[in-house]
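Novice: Spelled out from the first residue to the last, the chains are:
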Amino acid sequence: MYPKIDIMDDFIAARAQMALSLGFHIIFACVGMVMPFLMAFAHWKYLKTNNEVYKGLTKAWSKGVAILFATGAVSGTMLSFELGLLWPGFMKHAGPIFGMPFSLEGTAFFIEAIAIGFFLYGWDKFNKWFHWFCGFLVGLSGLASGIFVVAANAWMNSPSGFDYINGQYVNIDPIKAMFNEAWFPQALHMTVAAFCATGFAVAGVHAYLIMRKKNVEFHTKAFKIAAGFALIGAFGAPLSGDVAAKSVAKRQPIKLAAMEAHFETEKGAPFILGGIPDESKGEVKYAVKIPKVLSFLVSNDFNAEVKGLNDFPRDEWPHVAVVHYSFQIMIFFGVVMICIGSVYLYAFFFRKEWLSKNWLLKTFLFATPFGYIALEAGWTVTEVGRQPWIIYGVMRTIDAVTPMPGIQYSFYFFTAIFVSLSLIIIFLLRRQIKMVPKLYDPTDIQFKTKNKEL
Amino acid sequence: MIYVVIGFLWLSMCLYLILGGADFGAGIVELFTSKKARHKTQEIMYESIAPVWEANHMWLIIAIVILFVGFPEIYTTMSTYLHIPLVLMLLGIIARGTAFTFRHYDAVKDDWQVLYTHIFYYASLLTPFFLGLIAAATVSQSINPDAKTFLDLYIFSWLNWFGVAVGLFTVALCAYLASIFSLRETRDKLDLTLMIKKSKQAMIFVVLTGALVFLTAYLSGIPLVTWVFSKPLGIMAISFATVALVLIFRAMKNRKLLPVRALAGFQVIMILVAATYQHNPDIILLGNGQHLSLLEHIAAPKTISALGWALMLGSLFILPFLFYLMFSFSKLKK
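Taken in order, these protein sequences are the chains called W and V. Okay, so the first sequence: first residue is 1 according to our numbering, each after it adds one. Okay, so the second sequence: first residue is 455 according to our numbering, each after it adds one.
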């Protein structure tokens, strides 16, 4: 029809751009969901103890929230457009069915924006508990936004609230679509993971700053709060993950089979750790197989049957290797974080002296990105595992892509934007941290001289 | 219920144009201020943006969500054929939003401020321009799904003189709103005189670009004159806007600043009404003679009713909270 320049396939480019946008947005979305709670916790401590260090910490964190919230807001705006720019075939039919949570998310997000306005500019201007509540509300509405958006994603995995008859979408019921089967397990696991990822990331940064022996009291307080949140996430993740895995096994057996690179249907299926899956031969090399555990995990019965990939038509398989590796990465980092969490917990209750030891701090520093790696890997499992479908079992992703050619340029363009935004944000956060002695830590000599000058 | 949904779509577009537009205008006014007066202008402008700036841009998201949930065909038509200007507008939104935040929240104030500020200026200019261009494309019959070539499908669907003129007009409107809104933020007489001068300049710019819109419409065969002047409501809206202009001059002379603000907002709404009423409820006029209508190309009834309820309940939460935010901060400043 029109000349096509094949540098990169338009379809692949569209998928790459969407993956990049979501992968970028998810980081800010999670920070936006959890960081306000850290901030509100520090604020609450300040209101209870009147310790000025907590006030400084609240202020320092709130600046971080402001920067990351703004970035999350724009990347979210971008996504609301990209859905249509890249996948008009999908949005034309799916919009009215799965749009309900988006309209609720809009409300939650709006409230978040207003609350953040009150919080940032409201120091010493309002009733202190109203001010505190606004900060807490930022977290609450951020959390609600996240849960609503997951409902929309869950619908793509577990389409409901409509009948698909002769290529037509009829009997549409958006409320039923919102309360689809996958929503609860996905939202639960996502929320827990957000706490884990953000907790570890913040704890790691403050661990590093404690090790540098500057503003130790300030950073120790910050580290304690962040580590606490990280622990909730780390220990909650396997529990919520179990709920999620059981739900996947029931709804999308092919996704579960790909996660485990499980080719043949069998009773008493083993849990496959690691290994290199070979799609053409239908086998996994060099894997550790724990007998019967997969069957037990998905149905609480060691001898239950688990469907293998070979039971499904070949053109309905997701990319097995990508899904399998991502799943392994998620589990690996999840287990590492549980170990770190256990050591911290042990130290906290039985060996107080460990808490200020360099090796413990170093471990946390090392673990800074672990939560986010696991989170991104987990989303890769969900999203790549759903392929080749955009609406599981109903619409293929390739039928949803925009007819406009040249999407690869759009992909390069968006990649450039995301890379530069990431660099600027890292730069800004580093500068915030550098200014802690002057702006935020009231016990620091620099803070005192600066305030005297004023 | 469909009327509730359309009402909210209108409300969010109007509020985005007025509040978000004033934010863009702040950057535009700063950009076109001489270097000497720039710092002063920046201070005044900042006063009028923060702390509601973030909330102002939520209206766009609300409008987009209403479109893709309630009017999927309209949303996908726009996002397919207006892909390129939408991406450019997005670039503007991202750059403006982040540069503004970075400018304000960077812990160290050094040369980086210059960079943030420049990004902020040009993004403030770019975004409303493409917003206007996109709006123009929806009614200029330039989108033609039956076209055969890449250029006709994806480039000439939006690239034409009428679109450029409407883009410039939108930029002018934003600058006008920003300078009018900032009048109440000035602290002394000197500032006020400066900003009144700016408001008048912006006003001239609005009138000139407005004339350009009509001229290009006439040259491209778009019956804009008939749309605006063939029905009583269109004529009324235009005369109201004109009367408001006279009243604004009087109020400015008497330094009655609150009415000036309200009148300017009213003017913008009147301009929107005049421009869209005639072909209402058709929202997109396609080149192949088809029209996409807000009453016909809609989602399933259950979706519309759920969306309507969600919007009404949502506004119960949002509006009082938002007004309280605006009220508290205008009180605090005094």
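Among these hints, one or two may not hold up.
Cut-off 27 Å, straight-line C-alpha distance, at most; resulting in silico cross-link-like pairs (DSSO-like, lysine-lysine) [said to hold, decoys possible]:
hint	chain 1	residue 1	chain 2	residue 2
1	W	Lys307	W	Lys281
2	V	Lys685	W	Lys125
3	V	Lys785	W	Lys438
4	V	Lys756	W	Lys59
5	W	Lys267	W	Lys285
Because the hints were derived from the structure by calculation, they are not lab data.
Novice: All the hints need checking, so say for each whether the structure fits it.
Specialist: Status of each hint after checking the structure:
A hinted pair counts as satisfied when its Cα atoms are at most 27 Å apart, and lysine 307/W with lysine 281/W qualifies at roughly 17 Å. For the hint pairing lysine 685/V with lysine 125/W, the CA-to-CA distance comes to about 51 Å; that exceeds 27 Å, so the pair is violated. A C-alpha spacing of about 31 Å is found between lysine 785/V and lysine 438/W, which places the hinted pair above 27 Å, so the restraint is violated. As the CA atoms of lysine 756/V and lysine 59/W are separated by approximately 45 Å, the hinted pair breaks the 27 Å bound.
Restraint check for lysine 267/W and lysine 285/W: satisfied, since their Cα atoms lie roughly 21 Å apart, inside the 27 Å limit.
Violation of the numbered hints given earlier is confined to hints 2, 3, 4; the remaining hints are satisfied by the structure.
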